Amino acid sequence: MKRQLLGAVALGVAVAFGMALSAQAKTLKYCSEGSPENFNPQINTTGTSFDAAYPVFNRLVEFKPGTTTVVPALAASWSVSDDGLTYTFHLRKDVKFHSSKLFKPTRNFDADDVIATFNRMWKADDPYAKVSGGAYDYFNDMGMPDLLQSIDKVDEHTVKFTLKKPNAPFIADLAMDFAAIHSKEYMDAMLKKGTPEMVDQMPIGTGPFEFVSYQKDAVIRYRAFPAYFRGKQKIDHLVFAITPDAAVRMAKLQAGECDIAPYPNPADLAKLMADPKLKVLHQEGLNVGYLAFNTQKPPFDKKEVRQALNMAIDKAAIVKAVYQGAGQPAKNPIPPTIWSYNNDIQPWPYDPAKAAQMLKEAGVTSLQTDLWYMPVQRPYNPDAKKIAEMIQADLAKLGITAELKTFEWGEYRKRLQAGEDQMGMLGWTGDNGDPDNFMGVLLSCTSARPGGQNIAKWCNKEFSDLIEKAAEISDVKKRTELYKKAQVIFHEEAPWFPIAHSVVYMPMSKKVIGYKVHPLGTHIFEGVDIAG
Amino acid sequence: MLRFLFTRLSLIVPTFLGIVFIAFILIHLVPGDPVEVRMGERGIAPARHAQLLHEMGLDRPLYAQFASYVGEVLHGDLGTSLITHRPVLDEFLDLFPATLELAIYATLFAVLIGLPAGMLAAMRRGSAFDHVVMGVSVSGSSLPIFVWGLLLILTFSVNLHWTPVSGRIDLDYDFDTVTGFMTIDSLLSDQEGAFASALGHLILPAIVLGTIPLAIIARMTRSAMLEVLGEDYIRTARAKGLGSFRVIAIHALRNAMIPVVTVIGLQVGTLMGGAILTETIFSWPGVGKWLVESIRRRDYPALQGGMLLIASLVMAVNLLVDLLYGVLNPRIRRR
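So the sequence lines, in the order shown, correspond to chains A and B.
Numbering (our numbering) for the first sequence: 1 to 532.
Numbering (our numbering) for the second sequence: 1001 to 1335.
For the record, the hints were derived by calculation from the structure and aren't laboratory data.
Quantities reported herein were computed from a predicted structural model and do not represent experimental measurements.
Treat the hints loosely; a few may be bogus.
Selected chain A positions facing chain B (in silico; Cβ < 8 Å) [to be verified]:
id: 1; residue: VAL95
id: 2; residue: SER99
id: 3; residue: GLN215
id: 4; residue: ASP217
id: 5; residue: ILE242
id: 6; residue: LYS354
In this text, a Cβ means the ideal position worked out from N, Cα and C, and glycines have one as well.
Modelling step: build the complete structure from the supplied sequences, incorporating the hints.
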């Protein structure tokens, strides 16, 4: 009798303790802006999809939260050979994979997982190569197929990447979303079951959160992974509530239905900042918006004309009117947050009189040109049409007639990259915090080809030589010198009118603790806590 | 009746093919393609672009794409989403219950308010009530859904905190999907407060989606009632001394309901169209929102399949309504 009574009391205490624990479970609710395509960042290109997969995965190296500094992750350390061709990664031994109703891992993370992950994207004959469409856009766009010579397993916890040529940004590339490490065991298990696509729909990773469920277009649920190698997260549950409309997202935030909501309308910022329950974090975006002059078409082939146009447009007025405080005027092709930014460069002053004189001296009178603007809002440009109209008005004061033109977004980019315009607006958001990711992608001679991202079609040998050399050496100091020289050439040659770098705002409840705005745009919840 | 049914059924195949053709052509008129849309500022090398389009089968001539699509549809294959790589039918079936649930509650709202309002307006023809009902009816069918929805959210959710802003249920509730109907699944889950939360989340979207059908039902009920109330047999019933309630409820209403029921049934098309905007505003995860996203992403199979399925549903409901009309109206049956 006594034993039964004691047992009942013990059971009661255990139940009460469990109830107390579950009652204290913390849930962070994030109102995301869209539905993911799937949960495998290898085959995605959109920030929305990357955000949905990020909680589940780690990479060999990662960006330190809130920065573009590369730090160890699944690789505890790495070394680079003197010739810059071989990267040897020493993997952590204590990393566990998640489990689910479909899969239970039998071993920790090791070199086989790294090789299986990259082979899927690299080797056309890999059994996973064609699964879920088989388009590895970022792997290809970062030049991996041309760069990689081999990936070799040295031992269970050592992997060697051998490159065909030195490439300093390579290590930063491995911190990007597409390089998320998958479980080879899980891949093999799903292949054996005849359902390889489940790897992309019900992800298994090593990350701080395990994927729980996805109600299509509605809610994504994650729970904290107790065996995460950096320690269990302070929040127990993470929920993405998919809310495409910005006004509704902010309404949910203000009503307390979400704790964090991204991409506010600029016009709502003042109201959000005034809300006593909310705080609005901000960070200079790793982006640049610009107007490119097609240097292959007269009179934009003359640098004096391009310089004059830089002086003819009132940049400060544009930033004030269109960015509404959420931007800073640009003078260089890279934002100030990227190392090697040359702050010594003096921006072209707004001087319409001098601009008119320079145009006259260059023999340009009664110029008629087109001026292309984006039909959509972009992170680096909240209202391209308004900016185009302001530029048109400024140019008209100098007797220049600019015809505004736009196309459907995909068509616009295609035509711009084909070089059909005379002047066209575009922009860029950085992928990995490396200067080459801006200057090499947007201004090199290689990318000036038809279809390339150098929409000014500007090929300056001295500039290209500097940035190519900088991409090959790993010494940051030497690279910085080269990039600074390159920016001087850019400024002098003026292939663009750089407009602005936007500021990214992130409204959230004051209860949220520890969230850092990531310069590359990913929304990261590792290390975040919620009070109460 | 059988001849009527046979005639209607024989029209289904050409109607179906016509819908497939129109959906196909309209979608391909939109500039851009699913590969371009994914690229953003990074663009894509022409050779790789061509390769990806080839792998998706999108580099074939349009007539070839159309022919193979029709062949697949006739075998019950609606294709695979170019974005999620899941079968289009699976995507549709995942989302359709949410749209259906919203449509049902929107219809209930429209009928429960519209019918009595229309009846009373007819009975008090020319009165202030009649004018108010008609005025509200015109406004209801004129006000854009987007404006109406955002207004309601700002007023009742953000300022008054009477209703949730969006979604199908409070995020704190998590249970397995059994039927896909949140109100039913929440009851089955036995979680305290879940059903009330599901119902609460339905209020505003159902009102927004049901407003136009409400306006139409109110007007149609009023017209039908006025016509019936002017009939000789109603005058005879009154002359015989029957009470007002008996005259309206037993004699007038039944006959007035015939056109009203058919109008209610025909609202399916309006509801499907309205669902597209309503679901976007309220983040309601239904087929309407999915179709809007598919346009943006140039997900051709999802768009074609989704439009086909919705059109089929509307056709089926219209057929049922026509048959029901025959059942309700003996004069049609005898033709």
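Comparing the hints with the structure gives:
no., hint, verdict
1, VAL95, "violated, 28 Å"
2, SER99, "violated, 19 Å"
3, GLN215, "holds, 7 Å"
4, ASP217, "holds, 4 Å"
5, ILE242, "holds, 6 Å"
6, LYS354, "violated, 32 Å"
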